[in-house]
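Chemist: Chain by chain, the residues run as shown.
2 protein chains.
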Amino acid sequence: MKERDVEAIVLVSGGMDSLVAAAIAAKKHKQLALLHMNYGQRTEARELKSFTEIADFYKVPVQRRLVVDTTFLKQIGGSSLTDMSIDVTKYKGESKEIPSSYVPFRNTHIIAIAVSWAEVIGAKKIYIGAVHEDSSGYPDCRPSYYQAMNNLIREGTPKGDIEVITPIISLSKKEIVQKALELKAPIEFSYSCYERNDKACGICDSCALRLRGFELAGITDPIEYVTRPLYGKKES
Amino acid sequence: MKERDVEAIVLVSGGMDSLVAAAIAAKKHKQLALLHMNYGQRTEARELKSFTEIADFYKVPVQRRLVVDTTFLKQIGGSSLTDMSIDVTKYKGESKEIPSSYVPFRNTHIIAIAVSWAEVIGAKKIYIGAVHEDSSGYPDCRPSYYQAMNNLIREGTPKGDIEVITPIISLSKKEIVQKALELKAPIEFSYSCYERNDKACGICDSCALRLRGFELAGITDPIEYVTRPLYGKKES
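So the sequences go chain by chain: A and B. Counting in our numbering, the first sequence runs from 305 upward without gaps. Counting in our numbering, the second sequence runs from 305 upward without gaps.
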């Protein structure tokens, strides 16, 4: 991990949002590194497949891919994604209640790992596909959280010159789908389901937000689903 | 990990500073939980022994002790503590250059883990034995870093009611030794060496700062050293 010409690290869970973040970063930077976190989530096997396919698509060399184990988040629990005794929340429409899929302080872990790695490989930018408005209401997806994070990085690193970038934080899921098409991002490799490893369930919070985005964009999601309910509503 | 009556989590590396932080927390709170991080550092075997002895001393039940694996920090490297090909910096007196023992963004990882755990077990305070003035000059030991961290926690958690406390950040090593004695903390269980697992080397940066503290306090450090140079100087 001693390359010094990497410009940006992209956090790639394998979902559609992180794919679009990678597509935006790939357009702007020649030398990317991709980071994926295994925190003992239900769908890690499937996510890792997506991560690898996305990394292959953007021609990121193997030595610039880092998969880290943070299964202490499973030890700690408190989320339906890591605790099999808690049900994954089904989509509840416009509810702003934080769903059971919330993993306590998760994004701080993945960003902190990216910052440690960035310090070593010399990257100055960290891209994350966090989405605020059209999201599940997680506190670590708010713009104010990322302002606070960038301030922490300035205070907590020797040079203070690493920055987290949230290129799609203000987009709706519909706009994210449109952006993916515009950038010719390989949507077929992305996977957003919280529940199943074989094919997307279509009913968890994450599937519902994704399917609604495609529906509003008038596009068919190319990945396989167990069921594809209609989630569309009049655009606000 | 479902206890809800824990008041505070203490980060216990096993060194003298974290011991004194635990002693201060134990005086203030009845129900403590202790957290230790294995990041692939050279002296983890010895640190874990200290962690266990300190936890036993303060009668922290086993289910309130959490040892987490963050050996991705060793994968990432960039520090003499995790990369055996980099020499551990010897004490250089008043130099403010960051020594090779600096682990990129390390304290953010341990604090983020504590915050995730605190959310699940209901703890509101997180104690860390960070020391600023009389330290190695790590950026993640500055008071401004902890202000930024507390701001991040407010923005990044659902309730925003968890706080990091740095009870010894302004103390000198001499004052930390005096505080340990005052609180009857079991100094003999603590271990600060960065280099060796069998007995403290006496010459790494961490040993030097500790030995100087004891010297200035006029106390003999009860733990075993390979060598005990004199580091004292006129107190400023």
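None of these hints come from the bench; they were simulated from the model. This one's a predicted model, so the numbers in the text were calculated from it and none came from an experiment. A hint or two may mislead.
Taking lysine to aspartate or glutamate pairs in the EDC-like style, the calculated list, with each CA pair at most 20 Å apart, reads [said to hold, decoys possible]:
id, chain 1, residue 1, chain 2, residue 2
1, B, Lys396, B, Glu519
2, A, Lys378, B, Asp373
3, B, Lys463, A, Glu401
Chemist: Quickly compare the C-alpha distance for A/Lys378 and B/Asp373 to 20 Å and report which way the hint goes.
Modeler: Measuring from Cα to Cα gives roughly 12 Å; hence the hint holds.
Chemist: Given the hinted pair B/Lys396 and B/Glu519, is their Cα-Cα distance within 20 Å?
Modeler: This hinted pair holds, its Cα atoms lying about 17 Å apart.
Chemist: Does A/Glu401 lie within 20 Å of B/Lys463 when you go C-alpha to C-alpha?
Modeler: 12 Å, holds
The structure meets every hint from the earlier list without exception.
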